[in-house]
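Trainee: Chains C, P, Z and E are the protein sequences, given in the same order.
Start counting the first sequence at 1; every next residue gets the next number (our numbering).
Start counting the second sequence at 1; every next residue gets the next number (our numbering).
Start counting the third sequence at 1; every next residue gets the next number (our numbering).
Start counting the fourth sequence at 1; every next residue gets the next number (our numbering).
Honestly, I wouldn't trust all of these hints.
[As the list claims (entries may be wrong)] In silico contact screen, one side only, chain C against chain E (beta carbon under 7 angstroms); selected entries:
1. N213
2. E217
3. S277
Keep in mind that the hints were calculated from the coordinates and are not lab data.
Glycine residues also receive a C-beta, built at the ideal position from the N, C-alpha and C atoms.
Take a look at the letters that make up each chain.
Protein chains: 4
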Amino acid sequence: MAKPLNVGMIGYGFMGRAHSNAYIKVNHFFDLEHRPVLKAICARSADKAKAFAEQWGYESVETDWRKLIARKDIDAIDICVPNNFHAEIAIAASHAGKMILCEKPLSMNGPEGQKMVEAVEKTKVPNMVWYNYRRVPAVTFAKRLIDEGRLGRIFHYRAKFLQDWTISADLPQGGTALWRLDVAAAGSGVTGDLLAHCIDTALWLNGNVATVNAMTETFIRERKHNLTGKVEKVGIDDACAFLARFANGSLATFESTRYARGHKALYTFEINGEKASIAWDLHDLHRLQYFDHKDEGKLRGWRSIHVTDHGGDHPYMDKWWVPGLQIGYEHSFVHQVADFLEGIAKGKPAMPDFRDALRTQHVCDAVLNSAKTGQWSKVAGD
Amino acid sequence: MAKPLNVGMIGYGFMGRAHSNAYIKVNHFFDLEHRPVLKAICARSADKAKAFAEQWGYESVETDWRKLIARKDIDAIDICVPNNFHAEIAIAASHAGKMILCEKPLSMNGPEGQKMVEAVEKTKVPNMVWYNYRRVPAVTFAKRLIDEGRLGRIFHYRAKFLQDWTISADLPQGGTALWRLDVAAAGSGVTGDLLAHCIDTALWLNGNVATVNAMTETFIRERKHNLTGKVEKVGIDDACAFLARFANGSLATFESTRYARGHKALYTFEINGEKASIAWDLHDLHRLQYFDHKDEGKLRGWRSIHVTDHGGDHPYMDKWWVPGLQIGYEHSFVHQVADFLEGIAKGKPAMPDFRDALRTQHVCDAVLNSAKTGQWSKVAGD
Amino acid sequence: MAKPLNVGMIGYGFMGRAHSNAYIKVNHFFDLEHRPVLKAICARSADKAKAFAEQWGYESVETDWRKLIARKDIDAIDICVPNNFHAEIAIAASHAGKMILCEKPLSMNGPEGQKMVEAVEKTKVPNMVWYNYRRVPAVTFAKRLIDEGRLGRIFHYRAKFLQDWTISADLPQGGTALWRLDVAAAGSGVTGDLLAHCIDTALWLNGNVATVNAMTETFIRERKHNLTGKVEKVGIDDACAFLARFANGSLATFESTRYARGHKALYTFEINGEKASIAWDLHDLHRLQYFDHKDEGKLRGWRSIHVTDHGGDHPYMDKWWVPGLQIGYEHSFVHQVADFLEGIAKGKPAMPDFRDALRTQHVCDAVLNSAKTGQWSKVAGD
Amino acid sequence: MAKPLNVGMIGYGFMGRAHSNAYIKVNHFFDLEHRPVLKAICARSADKAKAFAEQWGYESVETDWRKLIARKDIDAIDICVPNNFHAEIAIAASHAGKMILCEKPLSMNGPEGQKMVEAVEKTKVPNMVWYNYRRVPAVTFAKRLIDEGRLGRIFHYRAKFLQDWTISADLPQGGTALWRLDVAAAGSGVTGDLLAHCIDTALWLNGNVATVNAMTETFIRERKHNLTGKVEKVGIDDACAFLARFANGSLATFESTRYARGHKALYTFEINGEKASIAWDLHDLHRLQYFDHKDEGKLRGWRSIHVTDHGGDHPYMDKWWVPGLQIGYEHSFVHQVADFLEGIAKGKPAMPDFRDALRTQHVCDAVLNSAKTGQWSKVAGD
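Produce the entire structure from the sequences given, and follow the hints as far as they go.
Mentor: The following block contains the structure:
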């Protein structure tokens, strides 16, 4: 029987649901030494916390995250609050000896993230950041293909994350629902929210980024603010595109926007190697496109691989249904919990931990700096 | 707080997992008056039942389904065993006053199904058959479009269910893992296993089938039998294709096989109406293809609708994540449980109930009869 | 310098244009011993013939096809008139010693086609039927893959030809523009017009059809007739679907209709073999879909092959542009002329000749017979 | 009867074939006042010129382009030679009063192009540059949709032109076949060869580019040179990516490379507007992807428009076959000749003329300058 691992979650929004669902499902599909227990949910509003606890089966409720952290019966803190609270909570939790599962991005910026890394490395608590797309089976599969050397020397990397939900000028900014549009809570716009995902995957698949050259734009310059009730300047970037050179010599383009009419969550990447190329797309996340130059000449073509096979060939998929039957977005979180628990059991942390996720902050910082200066910007080292 | 509805499940295979997952998840995402409780799992092997109970959180274990049915603390029986046991268990359960959730197909054939219908209608127990594909959001959405009259007069219906997992002659038949290849357990091959899905959807979307004309084939005529250890004649149909005329005057083609190299679970259907056409594909189940003749001439084209929008527009999707983030196969079962529970609360049964599912049996019977006689075969009425 | 081959064309409609274009282009792209010369165009209307001659560069005009056939300076007769004239003209042309290039279908029915075959085989004139889709590079490529044994034993063949241009009840039948809707001129509806293409390709790729079982439908039963000005019964089949068993043991479904809203000329076929599968689609005719079970398990997927490579690997494509740049519908006719001319030079006729095309008539006859009788119908042998 | 327009072509390579084919076909499909006559082909090698003349029906041969230009019986000069000869020939031809059809890019750089513009504007000869992709029907259709205001305010433009034919280090540079790899003949690598196409289309569809920020790379730094026989430094850019801001406030990314394994000629663009988005792809050039926010919410989806309809709705397509039957790459040249001839007849020049094409040179210059300096670079005005 698996050992309980008591989770205390802070925040109950979209990510609170995604994580809770993952904690509940993971042991039904994965054989693990540990079993997450939904011990406590913490939110400023007691009513909302109670409602959430009832719906998801949390055993208790807190309204002050410091009290949650102080509880002896909590093993791990899951941070699902806006970005501007990540550092304070994570550092306090690490000092309380709690494991930490922190939503992405790690922090508001690199220096803040650096402090978080120092805290968890000093206190030696297991820590992880929820860059869930690494665990979409097609993406994990891409990583394996690269590690097997199938792509050869990499020439090009390109990634985009396109949405269209902020085109209306009537949309306000700020508050619980729209904190992602409020620079004080989010730190940045699409750069920290969406490009951070693209960068995390890219660093994982293609190594370090050396230099970047970026432009940003805020198409709607003023929006009503939900906290003040007044029309205020918009501080976030609505769109960001940047050129990059990786340490391995490959060239890259990255782009994100919330003004790409027709795209809801179109995170795509493509990698062109000397020997093979791969491409992936979040809108059809269960497929990987693959082109192999080794194929007999006349039969070369992009393969649309339905990443649902069993027998250990397609990552994680032996845990689910049968070949041909797809899983969805939520499963990436289940996989990440499974890997986190396995990491604890084996003493080998699941990635990205705070230090690994800090690299993404450094790229984001360089991107925003370049957009401001109009110059190429070097990415800070580890 | 939702009222408990105690489930006793018989069988622990693939479908046992899919249903258990649905029972556990449903209340986290849907607001319902009832809450399924995993009360007991029943299997002939006590060890396997215990292991399943531990993994999924069933409170107790039974090895004799008659004992399960006799238990006072069980409200509903879920039948997840091979087809040849459906009738006996369902009839007994109905006499014990239990609600019944029965895996598809309803029965081995029409006459047997007729008895099951009579039993549940006499005992008035809520009953349902797990034709889960009706609750894939894109399929439910197709139904709504048809009901809104958007397609107009229907000319054509075509459906296929293509797999490739039995091409090897070395694959044995029968036993726990391969009962689908054993005619004694399954009743038929692709007709009852795969075409039954296609037929259920078709009857729901396009009304009754009047007549059919079918051919079947068994490509591998003998396989080792897991129960006897001997090479025995294969009694199932490996492939089946049929022509059909619907009561509404439309023409149809149906085909299923387990010998379509390259396809794992490619259930597809397309409907051509006077005003619009729709098409769907299980391999990318979150999309619906739609062509509307009303569109301005030069801008007409097949739309690839990513069925993930919110606000009640795309069926069930307001319960899940955000637009652009897809769900998967398992969610169709969650939706079916949600509808079943809502049906109980409102006294309006979720479809297909046994009577509704019996219509699919009648079509299957006519198909198999036509394949044998080489003649057009009329489908028995309700 | 290539030797002139003087062409006399009868008919100036859609196919007259497609063939003329092919005659003009062929020597610019193919190195051949012969060079088609547009010697004469024949049409009942002198005005229309002259206009066509001027636009396309025909040297002379005839209004009586018997005079054309009698001309000494004509080497080959190209028959582009409605089906009901094919036999009479072809037989007369063969007796006059002319080569014959006849539009498809060969004839109104099998017995008529038989006489045409006897005529050309007695007079030994080179003869060919314009089943142009064999020469779409992706289709020719499919044939090569099959001949190389890459698919192994064939289990399934399925073909469709879907259009939507006759859904309006206001569309009349008959006359120059709409003779395809007039059974007296066309012989049948979609069976001879569209399914004939599907059948020709199928016989070429998969061998003889043994038996068929068909249904046909005429959705609009009466239409105004352009020749009489009166509303008259529609004699053609608007839709036809049939089951078939090939001599090689594979099962097939065929379907055609002009009532599939959203499809203009969607000719598709798919072949499932033990070792590999292929699929093709006229709407994207430059691509072949290919699935190879030999591929490493985890990397298996349908390849979308852009059939535009050079070096002899992709049929005909070394004659055109550069890899990645697609050709279109008209090129299939250029290829067929090239092969016809090469056949003359080498004394090895380009297929399908009349005898080969007669097999398609036999299948069509069996299909229409089965639709009438409701019985399985055997296909007449060669 | 159409008036002859005597063409003298210089160069006989890939583009010589594409243009010749267009001259021959245009009057068969378009009703025009003029008719191109293949009067003379000019090449340094008399043998090659003769062979080309024989294959394509040119009436005469020249080996000195100055003689060709001096001929009284030549109305128009078609320049199909490497970029480094464009200016000299075009300026001389304009002084000789010849119309000029010049292959793209216009020139080696902006200042050189400026002289060409001055020459043709002074001599008032009709002039045009072969940016053929504007005349792919789907692209022309995109332009119409934009001009009709269907996209609204434009937020984003992105274009790529990806190839993979120079990955091998064994490929030499220079000479007749590979002048595109020789900086002395080509002026630049992918920037002038491929991005020039992307830029031309973008300027046409989205207006002027204000500023750019670029990076270039030469992956293979040395290659054997076909003219010297020695291994020499590669002077061209193998890959180029740039950020851009358009005058209309939209943001753009552009990228081109010959190192994108799996892509042969993948020119794609996508435009995101407030009201609608469009996307196009050269590998399936007969389709336009279109998303319209005006569509009823639940039915929104990207439409795949098969740009083959008639009746004037889909540009140029009423001239060709029937709906559903696609045309290919070569037809874009036929359309451009048709428009050029119509422009002459109506006294309204077909675009892009030299002045229009000069804008593309200015963007290319800014791109290459930015790549060298690492700074944002302003695009020179008209």
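Trainee: Find the hints from earlier in the document that the structure breaks and name them by number, from lowest to highest.
Mentor: none
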